[in-house]
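Make the complex out of the two chains shown on their own, each in a separate frame, by following the hints.
Protein chains in written order, with our numbering: chain A, 1 to 329; chain B, 1 to 353.
You may find that some hints are simply not true.
To be verified - Straight-line C-alpha distance at most 25 angstroms; calculated DSS-like pairs for lysine-lysine:
| hint | chain 1 | residue 1 | chain 2 | residue 2 |
| --- | --- | --- | --- | --- |
| 1 | A | K275 | B | K217 |
| 2 | B | K333 | B | K346 |
| 3 | B | K217 | A | K278 |
| 4 | A | K279 | B | K333 |
I should point out that these hints are in silico values taken from the structure, not numbers from a laboratory.
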Amino acid sequence: MAEGANGSAGGPVLEVEGLKKHFPVRKGLLRRTVGYVYAVDDVSFTIGAGETLGLVGESGCGKTTIGRTILRLIEPTSGTLRLAGHDISKLGRSELRPFRQQMQIIFQDPFSSLNPRMRAGEIVAEPLKVHTDLGRAARRERVAQLFDRVGLRAAQMDNFPHQFSGGQRQRIGVARALALNPKLIIGDEPVSALDVSIQAQVINLLMDLQRDLRLSYLFISHNLAVVEHISHRIAVMYLGRIVEHTDKTTLFTKPLHPYTEALLAAVPVPDPAIKRAKKVVQGDVPSPLKPPPGCHFHTRCPYVMDRCRIEVPALREVEPGHTVACHLR
Amino acid sequence: MATLAARTETQKAATAGKGAVLEVEDLQTYFYTRNGLVKAVDGVSFSLQRGETLAIVGESGCGKSVTALSLMRLVADPPGRIVGGSMRLDGVDLVGLDAAAMRLVRGKEISMIFQEPMTSLNPVMTIGRQISEALLLHETNSRKAALARAVEMLNLVGIPEPQQRVKEYPHQLSGGMRQRAMIAMALACNPKVLIADEPTSALDVTIQAQILELIAKLRRELGTAVILITHDLGVVAETAERVIVMYAGRKVEEAGVGELFAHPLHPYTRGLMNSIPRLALMRSEGAKAATRLQEIPGIVPALSNLPPGCTFAPRCAFASDECRRAYPPYEQKRDGHWAACWHSDKVARASDG
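One chain only, chain B, in its complex shape (with noise of 0.2 angstroms):
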C-alpha cells in the first residue's frame, strides 16, 4: 500500500486538469407517501469541478440533503426513489449503477460526513476499525496496513496522540474529534468528491471554527471537491467557491460566493440574507445594525401541496400574476450567475440601490 504522501501526489497529478468531476443532469428524487407524492428533488443540474468547493444552501425541506444521498444512492426505498436524470462521477452514471456496483464506488469515489458525529458513528466498534472497514473493502487485504493507514489519517485530521485514539471508542472522543474521525474516515480511500451535510452544525462555535479549518486544508493537499450542504450563509461565505440555493425541491439560484452575496437575484436568497441579524464586525463599514431584522413572511410550503407557478411568490414582496401562473425559466442572467425568476432586475435593484 502506497503512502499517504505518495499517494496524494498521484492524486494531485491526477487532478492537475482541470474540467468537471461530477455532473448531474435535471435529478428528480420522489417518495411515495401516504401523503401523496413528495419531489424532494426536482430537476437539479449543477456540476462540480476538481478541487472545488460548491456549497448547497437552504432551509428545511428544500432538498438539499435529498440530493446528497441521492448522490450516494442512499435514499431509502420505499418511499423514496430516484425517477430521473442522471448523475455522472468521472463519466460514469451513478443512477444506472446496481448496489454491488455502487458499493465499490462508496467510500473509494464518493464519500459523505454527517451532521450528527454521535449517531453515524458505530458506538461499539473503535475508532481504527472503522476507518479499516473502508480501506479493507477497497483497498487491501492486510488488516495492520489498514490499520496503520488509519493512525496516518487520524494524524493527518490533527487527532493527538493517534496510536492510542485508533484503539478508542467514538464516546471516548469529544464532539469535535468525533467529527474529525468521521472525516478521516471519509477521506481514507482518497475520494475524488466529499459531500459534507451540516458537518458543523451541532458543534460549538469555536470547534466548528476548527473543523471548516480542517476540511479546507485537506481539500488543498488531497485535491478533493467538496460538496458542502448548510444553512448557514456565514459558513457558506468562509469556504464556499460556488454557491446553490434550493427552495422546494429546486435550484433558485447559482452563482459564485462573491457575485451572489455582491448582487443576490433570486428573492428568497436576498430574503436570508436580510433575515439574518450580523455583528457589528460583519457589517461592511458604515453600515448600522438593523434595529428590526427583516423577516421572510409566511413558512415554506410542503412539498406535497406546492403552489402553482413559482413555490415562492406566496412569500416573495416581488411577486405578481405571473409568478402565480407560471415557474420561471432557469436562465443565466449575468455572467455565471443564474436564477429562476420572473423580477430578477427588480430585486437587484432594490439589493444595490
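For reference, chain A alone in the conformation it holds in the complex (with noise of 0.2 angstroms):
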C-alpha cells in the first residue's frame, strides 16, 4: 500500500482552506434569496502524492458538492483550492485548463456518465482530444494503452456503451480519468451503483492504479467498509462540516465524535457470529435548509449538553493527527 502524505517529494497535491458552498434558496415572482443552503461550511484538508482521503457522510452532507467545487464545476463562494501548491480558487476558465488536466472525476452511475451515442474508444479519447495535440493515430494507441491498463480488451474500442455492462462501463469511466495522467482522481461514490462481485474487481482496480501511478485520491462514500478499505485517512462529514478526520485505524477503533459512533454502531455486519449490542441512533438528518444551531448533530446525540444547543464546537487537534468538533473532547 502506498504511504500517506509524508512520503511525497513536494508537498500535498491538493489543500482545500476554509471551502465554504452556499447555496441561494430562491422563492416567489421575483426570486428573491430567502435562505442560503449551507452545503459546505468551513472545509478544510490535504491529499499527499500517492494517499487517499476518504470523505463519508449520509445524503445531503455535502460531500458530493466538495467534490465539484474542487474541481471548479461549481464555483466555491469562499476559500481556498490549491492544486500542487498553485491556487486554482480564483483561476479565470482558460488559466484554469492545464490544473483541469491534473484532477478527474469518476461518477457514481456508469449508465449516465457515459454518452451512449459515442463509442467507448471515443469516450476515453474526448479528453486527449480537449487537451492534447495529438493526432488521431497516436490518440488510437494512447486509448489502446488505457484499455488494457483498466482491463478492458483493446477490441472494445469500438463498441457502444450498452454493449458493457455495469463494471466494465466504470473501467471506461476510470480509463478517461487516467487519459490526461492527472495527480488527483476524486471517486464520488464510484462503486456504489455495482453489483457486490463486480465492486470488488473495481476498489482492486483503483488501488492497482494508485500503486503504479502514484496518484491521489478523494474517495466520496457513505459505505464505511469500502472507504476503510481503501483510504489512508478519513474525514466524515455531518451537514457541510467536518465533525472527525484522522487516520483510518484510528477511526475505526477509537472514534472520538458521537456522530461516528454512530454511524459505525448502524454498520450491519455480514457475520451473524459476530453480536453487538445495537446502539440505533434515533431521528433523521435535519434538512440542511434549516440546520440546526450549535453542534448540527445535538438533535440526535445522545450525549447532548445545554452548550452543545449554542455553540459551534471548533474542529481542533485532541490528539496528533486526530480532529474532532465535539465539546465533550
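Structure representation (C-alpha cells):
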C-alpha cells in the first residue's frame, strides 16, 4: 500500500482551506433570495501524493458538493484550493485549463456518465482531443494502452456503452479519468451502483492504479467498509462540516465524535456469529436548509449538553493527527 | 372494526401453530422479449414458515425481484408470464387465481414494500388516504374508521404526530419517514406475508438501522412472515433466520443464517462473502484486514444467453469439465443446508481450512 502524505516529494497534491459553498434559495415571482443552503461550511483538508482521503457522510452532508467544487464544476463561495501548490480558486476559465488536466473525476452511475451515442474509444479519447495535440493515430494508441491498463480489451474500443456491463462501464470511466495522467482523481461513489462481486474488481483496480501511478484519491462514499479498505485517512462529514478527521485505523478503533460512533454502530455486520449491542441513533438528518444551531448533531446526539445547543464546537486536534469537533473532547 | 390490539391478538393466536404459510414450488417466470426467451425465474421452490424472516440474496438479474413480483402477481404481461409451478398461500394457489380474486388477496393476505418510497407512493394523495385505500377495499366501508386505523398504523411504525401526518403528502416526509409510511400501508390489513424488496437500499445507514429494527419489531408483535430481498449480506446476517441465494434465475444455496455464513457450500456464496470489505468490528477476533479483496472474475451472464451446464462455471475457481457439461442437482448437503454444486465438499474444505 502506498505511504501517506509524508512520503511525497513536493508537498501535498491538494490543499483545501476554509472551503464554503452556499447555495441561495430563491422564492416567489422575483426569485428573491430567502435563505442559503450551507452545503459546504468551512471545510479544510489536504491530500498527499499517492494518498487516499476518504470522505464519508449521509445524503445531504455536502460530500458531493466538495468534490465538484474542487474541480470548479461548482464555483466555491469562498476558501482556497491549491493544486500542487498553485492557488486555483480564483483562476479564470482559460487559466484553469492546464490544471484541469491534473484532476479528474469518476462518477457514481456508469450508465448516465457515458454518452450512449459515442463509442467507448471515443469517450476515453475525448480528454486527449481537448487537452493535447496528439493526432488521431497517436490518440488511438494511447486509448488502447488505457483500455489494457483498466482491464478492457483494445478490441472493445469500437463498442458502444450499452454493449458493456456495469463494471466494464465503470472501467471506461476510470480509463477516461486516467487519459491525461492526472495527479488527483475524485471518485464520487464510484462503486456504489455496482454489484457486490463487481465492486471488488473496481476497488482492486483503483488500488493497483494508485500503487503503480502514485495517484491521489479523494474517495467519496457512504459505505464505511469500502472507505476503510481503500483510504489512508478519513474525514467524516455531517451537514456541511467535517466533524472528525484522522487516519483510518484510529477512526474505526477509537472514534471520538458521537456521530462517527453512531455511523459505526449502524453498519450491519455480515457475520451472524458476531453479536453486538445495537445502539440505533434516533431521528432524521435535519434539513440543510434549516440546520440546528450550535452543534448540528445535537438533535440526535445521545450525549447532548446545553452548550451543544448554542455553541458550534470548533474542529480541534485532540491528539496528533486526530481532529474532532465536539464539546466533549 | 376491531382495535389494533385485539386484531393483533387474534393474528397471534392464528399463527401460534407453526407450519408453512407460503409454499412455492417449481416457480417459472419467463419473459418473452425481442432478444429471445429470458428465464428470469427458472424452477424456484421454497417455503416460508409463519412468523419467519427469509432472505433472498443475489445480484442484479438473479431473479430475486421477479420472484417477489410473481408472488404478488404483478409481473407485467406481456412480456412476462408465470409459465409453471405453484405458489400456495395458506393452501390457495395464487397462480390459478383470476385478476379479481387476486385483488382480494393482494394487500390483504400478502403485501409488499419497495426500495424507493418516493416513486412507489402516490405524490398527489395524502398519506392517510393511501393507507385508507387498502382498508376500504378489504376491511371496512367507513372512511372515518379507515382513517382512524391509518393514524393507528402511523403510530405503530413510529411516525411522530400521526394525527397531523395523515393529512400530509409524501414530499413533506423525509426518506426514512416515507419508508415507515409504506410499511404502515403494507401492514394495515395485517397480511400473513410481507415482501420487502430492498427496503433500505435507498436509505442512509443510520436510517437503515432504524427501519430494519422496525421491521423486526413488527414481525415479532404482529406475527407477519417476512421475505426480505436484498443484496446486502450485512442486512441478511442481522435480520434473517433463513437465507436463499440466487444466481441467474435459480436457487443455488439455502440454509439457516448461521450455518450459511459459517459454512458456505456454493462457490458463488463463498465468493460474495469474500468480496466484501469488512470493518475491524466485523472481523472475528484476530482476523487481519484483507489487503486485497477477492474478486469474483467475469460478469453475471445474460439470462437470454446462459452457458451450458452450471451457469456459474465460467466464473468459478472450482469448475471442472463436469460443471460445464451438466447443471448440478440441488441436494441436501448437510442438515437443513441445500446447494446446487458438483464440488460443494471442496468448497466446504476451502472455507473451513
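Each hint tested on the structure:
no.: 1; hint: A:K275 <-> B:K217; in the structure: holds (18 angstroms)
no.: 2; hint: B:K333 <-> B:K346; in the structure: holds (12 angstroms)
no.: 3; hint: B:K217 <-> A:K278; in the structure: holds (14 angstroms)
no.: 4; hint: A:K279 <-> B:K333; in the structure: violated (38 angstroms)
In this structure, only the earlier hint numbered 4 is contradicted, and the remaining ones agree with it.
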